[in-house]
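Assemble the complex: chain A is given as a structure, and chain B must be docked to it using the hints.
Number of protein chains: 2
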Amino acid sequence: MPLNIPDSDATRVVIIGAGFGGFRLAQKLASQKMQIVLIDKNNYHQFQPLLYQVAMAGLEPSSISFPLRKSFQSKANLFVRVAEVNSVDLENKKIETEQGNIYFDKLVIATGAKTNFFNNAEFEENTIPMKSVSESLYLRNKIFEDLESAITSNSAAEISKFMDIVIVGGGPTGVELAGALAEMKMHILHKDYPDLNSKNMNIYLIEGKDRLLAGMSEQSSEKTKVALEKLGVKLLLNARVQNIQSGRVILSDGQILKTGKVIWAAGVTGAIVHGISQEYISRDGRLLTDDYCRIKGHSDVFAIGDVARMETTEYPNGHPQMAPAAMQQASWLGKYLMGKTQKPFKFTDKGQMATIGRNKAVAEFAGLKLSGFMAWLIWLMVHIYYLIGVKNKLFVLLNWIWSYLFYDQNLRLIIRPKFQGNTIK
Amino acid sequence: MPLNIPDSDATRVVIIGAGFGGFRLAQKLASQKMQIVLIDKNNYHQFQPLLYQVAMAGLEPSSISFPLRKSFQSKANLFVRVAEVNSVDLENKKIETEQGNIYFDKLVIATGAKTNFFNNAEFEENTIPMKSVSESLYLRNKIFEDLESAITSNSAAEISKFMDIVIVGGGPTGVELAGALAEMKMHILHKDYPDLNSKNMNIYLIEGKDRLLAGMSEQSSEKTKVALEKLGVKLLLNARVQNIQSGRVILSDGQILKTGKVIWAAGVTGAIVHGISQEYISRDGRLLTDDYCRIKGHSDVFAIGDVARMETTEYPNGHPQMAPAAMQQASWLGKYLMGKTQKPFKFTDKGQMATIGRNKAVAEFAGLKLSGFMAWLIWLMVHIYYLIGVKNKLFVLLNWIWSYLFYDQNLRLIIRPKFQGNTIK
Chain A
12 MPLNIPDSDA TRVVIIGAGF GGFRLAQKLA SQKMQIVLID KNNYHQFQPL LYQVAMAGLE
72 PSSISFPLRK SFQSKANLFV RVAEVNSVDL ENKKIETEQG NIYFDKLVIA TGAKTNFFNN
132 AEFEENTIPM KSVSESLYLR NKIFEDLESA ITSNSAAEIS KFMDIVIVGG GPTGVELAGA
192 LAEMKMHILH KDYPDLNSKN MNIYLIEGKD RLLAGMSEQS SEKTKVALEK LGVKLLLNAR
252 VQNIQSGRVI LSDGQILKTG KVIWAAGVTG AIVHGISQEY ISRDGRLLTD DYCRIKGHSD
312 VFAIGDVARM ETTEYPNGHP QMAPAAMQQA SWLGKYLMGK TQKPFKFTDK GQMATIGRNK
372 AVAEFAGLKL SGFMAWLIWL MVHIYYLIGV KNKLFVLLNW IWSYLFYDQN LRLIIRPKFQ
432 GNTIK
Chain B
12 MPLNIPDSDA TRVVIIGAGF GGFRLAQKLA SQKMQIVLID KNNYHQFQPL LYQVAMAGLE
72 PSSISFPLRK SFQSKANLFV RVAEVNSVDL ENKKIETEQG NIYFDKLVIA TGAKTNFFNN
132 AEFEENTIPM KSVSESLYLR NKIFEDLESA ITSNSAAEIS KFMDIVIVGG GPTGVELAGA
192 LAEMKMHILH KDYPDLNSKN MNIYLIEGKD RLLAGMSEQS SEKTKVALEK LGVKLLLNAR
252 VQNIQSGRVI LSDGQILKTG KVIWAAGVTG AIVHGISQEY ISRDGRLLTD DYCRIKGHSD
312 VFAIGDVARM ETTEYPNGHP QMAPAAMQQA SWLGKYLMGK TQKPFKFTDK GQMATIGRNK
372 AVAEFAGLKL SGFMAWLIWL MVHIYYLIGV KNKLFVLLNW IWSYLFYDQN LRLIIRPKFQ
432 GNTIK
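So the sequences go chain by chain: A and B. Quick note, the working numbering runs 11 ahead of the 1-based positions in the first sequence. Quick note, the working numbering runs 11 ahead of the 1-based positions in the second sequence.
With the rest of the complex left out, here is chain A:
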């Protein structure tokens, strides 16, 4: 099967990945005299910062996903292809996908990050990652199925296995999940599941460092810690996971947490495409680029966003693997490919934020350190602003207003696409 991209005299720019970086770059280049091919394994862009709300039944997948084809409807030079990339051949400028092969003039690798299990098969087998809409929906279904199972169980050990949740990783994802779970326990559990004792649900958050949100200031870490503890989250700082087996997490100090659900939010690594020589890959699994986003030695191959590691004096370990770096690199690369700039890329730190719960967040930007209601309001506004699609903005906002007014998220549905009793390939 071919990818069916028409021949053209225009420069062909192939972008792999339609996340924050790839999607924005495609937008920038869509009206240029270039042939743009945007390849993603999904037919939609997903807004990763809100994945945890999909998992927590606060938002529908569709509210944070935007169909790629709709985004580029009137762009005659832009071709969306839903395909899994098998490998790239940088020397011959060739990409092999499940759906066929394609040659490029310029290649932009924007494949983002994937969950880092640190090559530990047990971590991978026995935990639930949360890096995609699909994984978030899986987690949502699992949480509510387990609560149903807890109701029809009469062994205390089994009930706690169904109710307890362990989150590994105290970064923004872990903090936001823990906060949302704690609020669900507080506001919804006893109402929806009167047969269960909500006190039996333990939410553990495990972090290897001595504080949460290590990317932010100690002050924000401390506020986050206090807020989560007030919500009833059991924090285990300086705690190392030694082993995760089916039904239990073993910490290096010997402590054992028994649970049926371990959420893995302990780190990411680059989602490297096959075929790239090891010499271009950093030890933390990212593509090494110069400060023109070029993979070293290749003037026509670029990497942007979470998959890239641009080591600079200011950022010797590369930029933070977050949306702002990806978007800024995309904007810069767009200009560069149009010939509008020759200056190297420079990152502007826009700050960081994380939400903890209702009226509670921490935010740091422009020298400010905010927490509480103001930080929460800014968090809401920033997320609505960056969400793709007017309808998505509207529906997310309405959902949030609804949840805020009624202390209820309302999407506690266990739904799978099914057909004749079988889950379908």
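Hints were generated in silico from the structure; no laboratory data involved. Take the hints with a grain of salt, since some may be wrong.
Claimed, not checked - Result set (DSS-like, lysine-lysine): computed pairs, CA atoms no more than 27 Å apart in a straight line:
hint, chain 1, residue 1, chain 2, residue 2
1, A, 402, B, 202
2, B, 39, A, 81
3, A, 104, A, 117
4, B, 39, A, 202
5, A, 404, B, 39
To be verified - Between beta-carbon pairs, the in silico distance windows are:
hint, chain 1, residue 1, chain 2, residue 2, range
6, A, 201, B, 409, 24 to 32 Å
7, B, 296, A, 210, 42 to 50 Å
8, A, 202, B, 308, 35 to 43 Å
Please read these numbers as outputs of a predicted model, since none were measured by experiment. By construction, the Cβ of each residue, glycine as well, lies at the ideal position given by its N, Cα and C atoms.
This is chain B only, laid out in the frame that chain A set:
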């Protein structure tokens, strides 16, 4: 595993099925001095009349589904159990479920209808049914995946296999699906898939009778036929499906339609629970009841809605298998079980309606026969009215307004709950 329903002196009424009948009955009885156990295999009530809009990417599953636990949050005597019923033992008043067994004082079977493949294994294997949210989502994913596959195909035969759709059954579901598909073809296909020639998409609607919507007047049938033909739907009336094989439908006149997607909307039969003696089951697969909704010979076992067949002088073949009969029987049975009526059930025909597309519907009620914009407006209002949940009403309405203004439904996402690359059990 037990169902963990506490012992009680109150009469225990077990309701199997939370569709229009079971859900409404549970609402009626929830505050009575009875113990109500509501069993459903899903944790939500689904609004079946709008399933086709989920399949057609017009609505999110959550908009037409309502969590059962949320509906009955403050009802201390009502117990929701998400369980698959294996069988009932009417003589010993016992129900066996996957999650454990339970005894009843009174039993209400409200299991609804299931797709009728007329015992033809080939029909069942090679077609897609659309009787649940899960099946509708499956169909949505399949439609949009196939369009992606059509783009990366270069055999005309394969492309038409991916694009063509055959719908079997010219009742409301078939008509509504065909209309929605035709409008997608007209308004969206060429914009989202400029690489495809939208003329290559053929939408076939097959009906064995000589007219569509056989439950309505000939006038409405004719208007529906004209409207669908104008939308480009290929109608095959008086057409009988002889055989359905992978990739093709063979009609009894020898005609062969090649297609990768056959949607089966050709009929339903009762979703009978195992363990009920054949003598209580009608030839069309429903539970025979007297006009007190009682299964003959059992004063404490009732059947309501699509699964029931109450033969009366006016309705010698039972009532129409539609929401109004189920809801009216539920309301009546609620009163009867509370001792508030001794009169037998009597069905009030509220009429019928079907939507064909934008501004187009047919509706018959109170002696009126409406079509066009007025019928369409009434269709919208009736569906919003009967939808469960204020938020669902609001979100469905907003979605409809959005689609109406922008000729676009916007939910063309291929999403499955996935985990580590595997679709999960």
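To see whether the hints hold, each was checked on the structure:
Proximity of residue 402 of chain A to residue 202 of chain B is assessed by CA-CA distance (about 18 Å); at most 27 Å being required, the pair is judged to hold. A C-alpha spacing of about 45 Å is found between residue 39 of chain B and residue 81 of chain A, which places the hinted pair above 27 Å, so the restraint is violated. A threshold of 27 Å between alpha carbons decides the hint, and for residue 104 of chain A with residue 117 of chain A the separation of about 8 Å falls inside it, so the pair holds. Note on residue 39 of chain B and residue 202 of chain A: the hinted pairing holds, with a Cα-Cα distance of about 20 Å set against a maximum of 27 Å.
Taking the CA atoms of residue 404 of chain A and residue 39 of chain B, the gap is about 38 Å. The hint is violated against a cut of 27 Å. The beta-carbon spacing between residue 201 of chain A and residue 409 of chain B, approximately 31 Å, falls within the hinted interval of 24 to 32 Å. Between residue 296 of chain B and residue 210 of chain A the CB atoms are about 47 Å apart, so this pair conforms to the stated range of 42 to 50 Å. Range check, residue 202 of chain A to residue 308 of chain B: Cβ separation about 41 Å, and the 35 to 43 Å hint holds.
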